[in-house]
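Using the sequences and the hints given, assemble the complete structure.
Line order of the protein sequences matches chains W and L. For the first sequence, counting from 1, position 170 maps to 170 in the working numbering; every step adds exactly one. For the second sequence, counting from 1, position 93 maps to 93 in the working numbering; every step adds exactly one.
By construction, these hints were calculated from the structure, which means they are not laboratory data. In this text the structure is predicted, and so the values were computed from the model without any measurement. Where a beta carbon is used, it is the ideal one built from N, C-alpha and C, also for glycine. Please note that the accuracy of each hint is not assured.
What the hints assert, rightly or not - Reference excerpt, derived from the structure (chain W facing chain L, CB under 10 Å, subset only): (1) Ala-132; (2) Phe-137; (3) Ala-147; (4) Met-151; (5) Asp-193; (6) Val-196; (7) Phe-250.
One letter stands for each residue in the lines below.
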Amino acid sequence: MSRHAVIAGVGHTEFGKLAGRTAWHLEAEAAAAAVSDAGLQPADVDGLLTDPGPSQGILQGITPHFLRLGAQLGLDPDYTGSEILGGAGSVAIVARAALAVEAGLCDVCLCVYGDSPLSNAGSFEYGRGDEAAFGFFGAVGLHALAAQRHMHRHGTRAEQLGEVAIAARAHGARTPHAQKRQPISMQDYLASDSLVEPLRKLDCCLVSDGAAAVLVTTRERAADLRAPAIPILGHAQAHSLSTYTSPNHFDTLPAARCGPKALGHAGLSASDIDVALLYDCFTIVVLLQLEDYGFCKKGESGPFVEGGRIGPGGSLPVNPSGGLLAEGYGGGMLHVIEAVRQLRHEAGERQVKGAQSALVSGHGLGMNTHATLVLGSHAHV
Amino acid sequence: MSEVQPPVPEPDALSAPFWEACRNGALEFSACDDCGHYFLPAGPCCPDCWSPCMSSRAASGRGHVFSFAVYRRTYHPGMPAPYVVALIELEEGPRLISNVVGCAPEEVAIDMPVQLRFEPAGDFMLPRFAPVGDEKETS
Ligand SMILES: [Zn+2]
Numbered sequence: 001m002s003r004h005a006v007i008a009g010v011g012h013t014e015f016g017k018l019a020g021r022t023a024w025h026l027e028a029e030a031a032a033a034a035v036s037d038a039g040l041q042p043a044d045v046d047g048l049l050t051d052p053g054p055s056q057g058i059l060q061g062i063t064p065h066f067l068r069l070g071a072q073l074g075l076d077p078d079y080t081g082s083e084i085l086g087g088a089g090s091v092a093i094v095a096r097a098a099l100a101v102e103a104g105l106c107d108v109c110l111c112v113y114g115d116s117p118l119s120n121a122g123s124f125e126y127g128r129g130d131e132a133a134f135g136f137f138g139a140v141g142l143h144a145l146a147a148q149r150h151m152h153r154h155g156t157r158a159e160q161l162g163e164v165a166i167a168a169r170a171h172g173a174r175t176p177h178a179q180k181r182q183p184i185s186m187q188d189y190l191a192s193d194s195l196v197e198p199l200r201k202l203d204c205c206l207v208s209d210g211a212a213a214v215l216v217t218t219r220e221r222a223a224d225l226r227a228p229a230i231p232i233l234g235h236a237q238a239h240s241l242s243t244y245t246s247p248n249h250f251d252t253l254p255a256a257r258c259g260p261k262a263l264g265h266a267g268l269s270a271s272d273i274d275v276a277l278l279y280d281c282f283t284i285v286v287l288l289q290l291e292d293y294g295f296c297k298k299g300e301s302g303p304f305v306e307g308g309r310i311g312p313g314g315s316l317p318v319n320p321s322g323g324l325l326a327e328g329y330g331g332g333m334l335h336v337i338e339a340v341r342q343l344r345h346e347a348g349e350r351q352v353k354g355a356q357s358a359l360v361s362g363h364g365l366g367m368n369t370h371a372t373l374v375l376g377s378h379a380h381v
Numbered sequence: 001m002s003e004v005q006p007p008v009p010e011p012d013a014l015s016a017p018f019w020e021a022c023r024n025g026a027l028e029f030s031a032c033d034d035c036g037h038y039f040l041p042a043g044p045c046c047p048d049c050w051s052p053c054m055s056s057r058a059a060s061g062r063g064h065v066f067s068f069a070v071y072r073r074t075y076h077p078g079m080p081a082p083y084v085v086a087l088i089e090l091e092e093g094p095r096l097i098s099n100v101v102g103c104a105p106e107e108v109a110i111d112m113p114v115q116l117r118f119e120p121a122g123d124f125m126l127p128r129f130a131p132v133g134d135e136k137e138t139s
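Below, the structure is given as structure tokens:
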């Protein structure tokens, strides 16, 4: 008898500058919210997977984050671990939870992202090492190289990157918990400070304190729980670790490899997806993913996003909660949660009418890591 | 008054020979003795065939801009903006992160031919690149 993984509960804290609360406080709050959303008790949780955010994980070295969080939550899980995959980590732990419950290693797996870089991280680090000697700092510089390539090869214009930022803020305006709820105009976008050309401040995601959690269990276990179970129809990962030496690095994301796999597991193609939750650390990453997932042809994402196509009411709504550009930096877990809310049809003013399928992506580190989840609606259960 | 110095390379066992060659005026890359692949940065094996057997070659110093980014905001007090970070593709094939110097940021373009120019930074010589035809000497 085969077991099928579903998402049975979701929860998160508010996002923004949350002074006086550590990442541990935030993670505990998100975990409790997810358990309560599912109608379960803490004692039902027998799996724990964590994605420590950048200031907890990557910048502090690989610490046994799951061990400390598990101790604080009083858990003795049958299955545990942390993933350090940057922005691909949250999607990856939800997929790993699906594997674990389908394999019978645990029945109710709690997946937690959390971080508090605004309130608790140390001083800003400039970066070190050989590349820092050339002034190559931060994720923005790296993604600027990708944006420059896209503009050069495909004629992509600043206004087309701007469409992504404008759509995110328009979505955020309809999301009660979003960190940024003020819409922006093209004029605002073009007037936004240039950080690392061709990227402006409004091309860059927010920095946030906050935590988000998802509970993965089996279809059978979820049958009599509070909320409709949201089935995990497919998932896959692909990575590009060789970075600058890889011929297509900066031109194509590993999404081009794992997208078709994840969709294939689900028996769907990109054109079947009703709502896309695309990791949006920078606007250029949304454009690259629209191409690499097959929502449009290679090089055509610029024209594709024009005219509000990915905004509210567009034919392919992307990140209806506002994503990293407006909702808050949730490491990708907020993208998973928004997909669940859309597929439960409980997203209120921002609900994508009749949404039956969602694709969720995670993208991280030096454009090195990528993970994809395909979720269905209760009708698929 | 003390000025903040820009960051300098932090050589490790693998990269120390690269930085030593730079001090001697050569940009070296690795050549696999078994499959002939040329690569940067230096590693414990050939990234194509995993052979541990490799030797060093000196780059001609000619290459082109694969992509670039113009830092308009100062992120480090020792490195005031604007400056250009570029991914340079050497004519032999390997790529490295460097800077384009010797021209205004507005003049830099993808595919622009560039030539190597060493510039001092602390105890190091940094391999930077200038537009071909920019003959300004460095001291
Ligand atoms: Zn080789």
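Consistency of the hints with the structure:
1. Ala-132: holds (4 Å)
2. Phe-137: holds (5 Å)
3. Ala-147: holds (8 Å)
4. Met-151: holds (9 Å)
5. Asp-193: Because about 7 Å separates W/Asp-193 from the closest Cβ in chain L, which is inside the 10 Å limit, the hint holds.
6. Val-196: holds (5 Å)
7. Phe-250: holds (6 Å)
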